[in-house]
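S.K.: Take a look at the letters that make up each chain.
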Amino acid sequence: MTFAESVSHGAILLGAIIGVVTYLTWVERKFSGRLQSRIGPYLVGRPHGWLQPIADALKLLSKEDITPAKTDRFLFNLAPIWVVVMSLLGFAFLPLTINWVLVNIDLGLLYFSAIGSLIVIGVFIAGWASNNKYALLSALRAAAQMVAYEVPLLLSLLVPAVLAGSLNFQDIILAQERIWFILFPVVGQISGITFLLAALAEGNRIPFDLSEAESELVAGFNIEYSGMKFAYFYLGEYVHLLAVSILVSILFLGGPLGPLLSGGVWIAFKTLIVFLIVLWIRWSFLRLRIDQMMMLNWKVLVPLTLGNLLLAGLWVSLSR
Amino acid sequence: MKVETIAFFILCLGLVASSIAVVISKHLLRSAIFLALSLLLTAIFYISFGAELLAGVQILLYAGGIITLIVFVILLTERIEMKKLEETHRGVIPALLASSLVFFILVYFTWASPKVQSLAKSPSSSTFGISKTLSENLFQEWVLPFEVLSLLLLAAIIGALVLARRERKEKEI
Numbered sequence: 001m002t003f004a005e006s007v008s009h010g011a012i013l014l015g016a017i018i019g020v021v022t023y024l025t026w027v028e029r030k031f032s033g034r035l036q037s038r039i040g041p042y043l044v045g046r047p048h049g050w051l052q053p054i055a056d057a058l059k060l061l062s063k064e065d066i067t068p069a070k071t072d073r074f075l076f077n078l079a080p081i082w083v084v085v086m087s088l089l090g091f092a093f094l095p096l097t098i099n100w101v102l103v104n105i106d107l108g109l110l111y112f113s114a115i116g117s118l119i120v121i122g123v124f125i126a127g128w129a130s131n132n133k134y135a136l137l138s139a140l141r142a143a144a145q146m147v148a149y150e151v152p153l154l155l156s157l158l159v160p161a162v163l164a165g166s167l168n169f170q171d172i173i174l175a176q177e178r179i180w181f182i183l184f185p186v187v188g189q190i191s192g193i194t195f196l197l198a199a200l201a202e203g204n205r206i207p208f209d210l211s212e213a214e215s216e217l218v219a220g221f222n223i224e225y226s227g228m229k230f231a232y233f234y235l236g237e238y239v240h241l242l243a244v245s246i247l248v249s250i251l252f253l254g255g256p257l258g259p260l261l262s263g264g265v266w267i268a269f270k271t272l273i274v275f276l277i278v279l280w281i282r283w284s285f286l287r288l289r290i291d292q293m294m295m296l297n298w299k300v301l302v303p304l305t306l307g308n309l310l311l312a313g314l315w316v317s318l319s320r
Numbered sequence: 001m002k003v004e005t006i007a008f009f010i011l012c013l014g015l016v017a018s019s020i021a022v023v024i025s026k027h028l029l030r031s032a033i034f035l036a037l038s039l040l041l042t043a044i045f046y047i048s049f050g051a052e053l054l055a056g057v058q059i060l061l062y063a064g065g066i067i068t069l070i071v072f073v074i075l076l077t078e079r080i081e082m083k084k085l086e087e088t089h090r091g092v093i094p095a096l097l098a099s100s101l102v103f104f105i106l107v108y109f110t111w112a113s114p115k116v117q118s119l120a121k122s123p124s125s126s127t128f129g130i131s132k133t134l135s136e137n138l139f140q141e142w143v144l145p146f147e148v149l150s151l152l153l154l155a156a157i158i159g160a161l162v163l164a165r166r167e168r169k170e171k172e173i
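If you read the sequences in order, they're chains S and H. Residue numbers for the first sequence follow our numbering, so the first one is 1 and each next one is one higher. Residue numbers for the second sequence follow our numbering, so the first one is 1 and each next one is one higher.
It should be emphasised that the hints constitute simulated quantities derived from the structure, not laboratory data. Among these hints, one or two may not hold up.
The list that follows gives simulated cross-link-like pairs (lysine-lysine, DSS-like), each with its CA atoms no further than 25 Å apart [as the list claims (entries may be wrong)]:
id, chain 1, residue 1, chain 2, residue 2
1, H, Lys2, S, Lys133
2, S, Lys70, H, Lys132
3, S, Lys30, S, Lys59
4, S, Lys30, S, Lys70
Sample of chain H residues lacking proximity to chain S, with all beta carbon distances greater than 10 Å (derived) [said to hold, decoys possible]:
id, residue
5, Val22
6, Phe72
7, Leu97
C-beta: ideal position from N, C-alpha, C; glycine also.
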């Protein structure tokens, strides 16, 4: 690709992500409403409130932007930008069909997880720069959680890479032509489930949203943010969630592979399914305590994923 | 000028500016953030020289891991809220001398040595940074030194843990 081409492709991808994410909030509200025997947004844009996300965006754009007096202004303004940029950067390496990927390199998986590990710094800065004790506590919690869950996340990410023998997303997809990795006996299911759990914890979603914990910490590290800066954190969270859903569909569900329809349709369909599973988990479970969460991580997930990786390595080396 | 050249100079400027900002910034956390930025820019340099694996590891380990640790430590130790750091630029002249000496040594060897020059002229043809050759070297040819090194690092970690623990006990007594 030439320079101009890659810039225009990047711009298209960026616009598409923002659009999709805006409507994912609508999907979430509708879906959670149905789970709880409600209707969800209905009035703005009949039928079924399809204009609600636009209205929300306009509201956030027109809100007053408040910067509290004793904050560190530079870091306070940097944090939301950092979170959004790092969440969006990961998309550069995700293939959306077999051939359409913005940056096609051998180490796509490594780069994706490397950039994902930078989000936590933004959360940290936000909590610190707000000069608010709840925000700082929440940021500390979030950081401890994200750093801890990074271990099982990466270990379970490695299993598809080991099975495919490559860190390139395209090779991983093509290796699933015979069988999706989630259907791979034992190894696939364990890594798929642990990956989803660890990713939920990394994205601070229920049942792992301790950094938010409204009842203890008011609202979390973004408590002092308002208007568009708050929206940036929200956007970052959803973009990250979308990236995780796409990643699950690529690594475990065969991504764009499927009969009849084109690759893009299949990957969108699978991503939507994964996203709905995440929502289902979110609206069905209670929040864990911090000690339960750390115990789940270090005593269950880490040994499990480590053993699973060993098993996958054994399988590959024996079947070669 | 080609787009790559312009991008290269923008990168250079950003790297130099962020590195200077690490040193002269008066707030610890800001220094850490600028350090993260300069490490990321270095990673982009690595990519532009074709060392993709090195760049990925740089982002994952340094920017993702070490900076997070540094920020953690700053938040846990610096209890005084938002206090500015005191000026500690006492040894400016020796530091300038030392760094310019290193700079001239680097420049001299890049220009004088033909081996470095041949590497610099064809960065894409060098196979050093490519993951496949690297892993073949690391896990087939040099697997024993690699494992011995990892054992050494493990011993160092355990040693550090033991030392830290013993100190605390002595303080408590």
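S.K.: Against this structure, judge whether each hint is valid.
M.R.: Against the structure, the hints:
1. H:Lys2 to S:Lys133: violated (50 Å)
2. S:Lys70 to H:Lys132: violated (51 Å)
3. S:Lys30 to S:Lys59: This hinted pair holds, its Cα atoms lying about 19 Å apart.
4. S:Lys30 to S:Lys70: violated (39 Å)
5. Val22: Per Cβ check, Val22 of chain H is outside 10 Å of chain S; nearest 14 Å; holds.
6. Phe72: violated (7 Å)
7. Leu97: Leu97 of chain H clear of chain S: closest Cβ-Cβ about 32 Å, beyond 10 Å.
Figure legend: structure checked against the earlier numbered hints; hints not met, in rising order: 1, 2, 4 and 6.
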